[in-house]
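Undergrad: One-letter residues, chain by chain:
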Amino acid sequence: MIEITKSPIDTVKLLEQVQSSEAGATVLFVGATRRVTEGRETVRLHYEAYETMATAELQRLEQAARRRWPLEQCAISHRLGTVPVGEASVAIAVSSAHRDAAFEAGRWLIDTLKQSVPIWKQEQWADGSSEWVHPTPSPGKK
Amino acid sequence: MIEITKSPIDTVKLLEQVQSSEAGATVLFVGATRRVTEGRETVRLHYEAYETMATAELQRLEQAARRRWPLEQCAISHRLGTVPVGEASVAIAVSSAHRDAAFEAGRWLIDTLKQSVPIWKQEQWADGSSEWVHPTPSPGKK
Amino acid sequence: MKVIVKLFAGARELAGAEEVSVELTAGATVGQLREQLIANYAQLRPLVGHAMFAIGAVYCDDSVEVSEQAEIACIPPVSGG
Amino acid sequence: MKVIVKLFAGARELAGAEEVSVELTAGATVGQLREQLIANYAQLRPLVGHAMFAIGAVYCDDSVEVSEQAEIACIPPVSGG
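Chains as they are written, first to last, in numbering that gives the first Met the number 0: chain P, 0 to 141; chain Y, 0 to 141; chain H, 0 to 80; chain R, 0 to 80.
Hints should not be assumed to be uniformly reliable.
[Stated by the list, open to error] Computed list of lysine-lysine pairs in DSBU-like fashion (alpha-carbon distance at most 35 Å, straight line):
hint	chain 1	residue 1	chain 2	residue 2
1	Y	5	P	12
2	P	12	H	5
3	Y	113	P	12
4	Y	12	R	5
5	Y	5	Y	113
6	P	5	H	1
7	P	12	Y	12
8	H	5	P	5
9	Y	113	R	1
10	P	113	Y	113
11	P	5	Y	12
12	R	5	Y	5
13	Y	12	P	113
14	H	5	P	113
15	P	113	P	5
16	Y	113	R	5
17	P	113	H	1
18	Y	5	R	1
19	Y	113	Y	12
In short, the hints are calculated from the structure, not lab data.
Since the model is a prediction, treat every value here as computed from it, not as a measurement.
Take these sequences, add in the hints, and give me the full structure.
TA: Here it is, written out as C-alpha cells:
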C-alpha cells in the first residue's frame with residue numbers, strides 16, 4: 000500500500016494495514032523532521048515530489064521488497080508540503096513471519112527510497128534562510 | 000521506559016514515549032502471536048515471567064543499548080498471560096537522530112531480550128496440546 | 000524536434016520555471032538533452048550534471064533516445080525520506 | 000544449609016511446584032546446587048542441565064557461591080519476545 004499525502008501521516012493506520020495473523024514480526028520506521036542538523040537549527044522542512052513518478056517508484060520498491068523477502072504486508076506513506084519539527088515525513092511498515100525479513104526489508108526500503116524516489120526536501124532554517132537538498136553523489140558516502 | 004503487563008500492548012503509547020524533536024528516526028518492532036509455526040497451528044500463546052528479574056534485565060538492556068548507540072528515547076513493553084493469535088506479545092520502540100542507530104538498537108534489543116530475559120512462552124496448539132518453549136542452545140542456531 | 004522538460008526543486012528554482020522547452024535533432028539521446036539543457040540554461044549546470052532523466056516516469060540513462068510523445072523530466076539528486 | 004529455589008515454566012511443571020528446597024553444604028556453589036537439584040528431582044534433569052541460575056535476580060555462573068539470604072532461581076532456557 001503506497002500513499003503520498005499532504006496530510007500528517009497516520010502511523011496507527013499504517014500498522015493496521017500490515018496487521019496479519021501470519022505475521023510474527025512487524026517493523027515500523029518513521030522519519031521525522033529533526034530540530035538540529037549539523038549544528039544548525041531547522042524550523043520545518045518542505046517536501047516536493049514528481050508525484051506520478053514517485054508513486055510508481057514506491058510501488059516498484061514495494062514489489063522489489065516482496066520479491067526479495069517473504070513479507071506478509073508492506074505499507075509506505077510519504078508526506079509532501081510543510082513538515083514541522085517533530086512530525087513525520089515518511090513511514091514504512093512491513094510485516095513477516097520472522098523478524099529477519101521485517102528488519103531487513105524495512106531498512107532496505109528507507110535506504111532505497113532515499114536514493115531513488117523523486118522527492119526533494121527544502122531545509123527552512125531558524126535564521127530565515129532556506130535551501131533545497133540535492134546530495135552530491137560521492138563514492139565514500141553512506 | 001520498561002513495562003511488563005498483563006494487558007494488551009499499546010503501541011501508540013510506546014511511539015509517543017519515544018517522540019523527540021531531536022529524533023530524525025524512530026523504529027518500532029512488534030512481535031505478535033503467529034497462527035502457524037513450522038506447519039502447526041497455534042491458537043494462543045501463554046507467557047510467564049520471573050517478573051522482578053525480567054524488569055531488572057529489561058532495564059539493563061535499555062541501559063546497555065543507550066551506552067552502545069546515541070539513542071534519544073527507548074521503550075520496551077512485554078505482555079504476560081494469554082496472547083491470542085494476531086496480538087502483540089512484545090514491542091520495542093527506539094528513537095535517534097539518525098536511522099542507523101535506531102535500526103541497530105531495535106534489532107539488538109529484541110535479539111538480546113529473546114536470549115536473556117527470564118520470560119517463557121507456552122504454545123497452545125489447535126489440536127488441544129500445549130508445551131513450554133525452552134530452546135536448546137545450539138552453536139549453529141541464529 | 001521540441002521537447003518539454005519538467006523541472007523540480009532546486010532546478011525549478013534556478014530556471015525560474017516548472018518546465019522548459021528544448022530544441023533537439025530527431026533521434027537525440029538523453030545525453031544530448033542533458034547537454035542542450037545546460038547550453039540553454041547555464042545556471043542549471045551544477046544540478047543537471049548530476050541529474051537523472053525520466054521518460055514516461057521511468058529513469059533512463061544517457062544512451063536512451065528521447066521520445067517526443069512521453070513526459071520528460073529532469074530529476075536532480077533526490078532527498079526524500 | 001537449606002535453600003529455596005524458584006522454578007518457572009517447564010521446570011515448574013516438571014517438579015509440580017513453584018519452588019523446591021535443597022539441602023547444601025555451607026559454601027556450596029551454583030554448580031553444586033545444579034547437581035543436587037537434579038539428584039533430588041530426576042525429572043528436572045533435561046531442563047536443569049541447560050538452565051541458568053540467578054541469585055538476587057542476577058545471573059550467576061556455576062563457580063559462584065550460593066548465598067542463603069538472597070532469592071535463588073532456576074532459569075530454564077528463556078523464550079520471551
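Undergrad: All hints, please: hold or fail.
TA: Now the hints, each set against the structure:
| no. | hint | verdict |
| --- | --- | --- |
| 1 | 5(Y) with 12(P) | 24 Å, holds |
| 2 | 12(P) with 5(H) | 34 Å, holds |
| 3 | 113(Y) with 12(P) | 28 Å, holds |
| 4 | 12(Y) with 5(R) | 34 Å, holds |
| 5 | 5(Y) with 113(Y) | 19 Å, holds |
| 6 | 5(P) with 1(H) | 34 Å, holds |
| 7 | 12(P) with 12(Y) | 14 Å, holds |
| 8 | 5(H) with 5(P) | 21 Å, holds |
| 9 | 113(Y) with 1(R) | 32 Å, holds |
| 10 | 113(P) with 113(Y) | 32 Å, holds |
| 11 | 5(P) with 12(Y) | 24 Å, holds |
| 12 | 5(R) with 5(Y) | 21 Å, holds |
| 13 | 12(Y) with 113(P) | 28 Å, holds |
| 14 | 5(H) with 113(P) | 21 Å, holds |
| 15 | 113(P) with 5(P) | 19 Å, holds |
| 16 | 113(Y) with 5(R) | 21 Å, holds |
| 17 | 113(P) with 1(H) | 32 Å, holds |
| 18 | 5(Y) with 1(R) | 34 Å, holds |
| 19 | 113(Y) with 12(Y) | 23 Å, holds |
When held up to the earlier numbered hints, the structure conflicts with none and fits them all.
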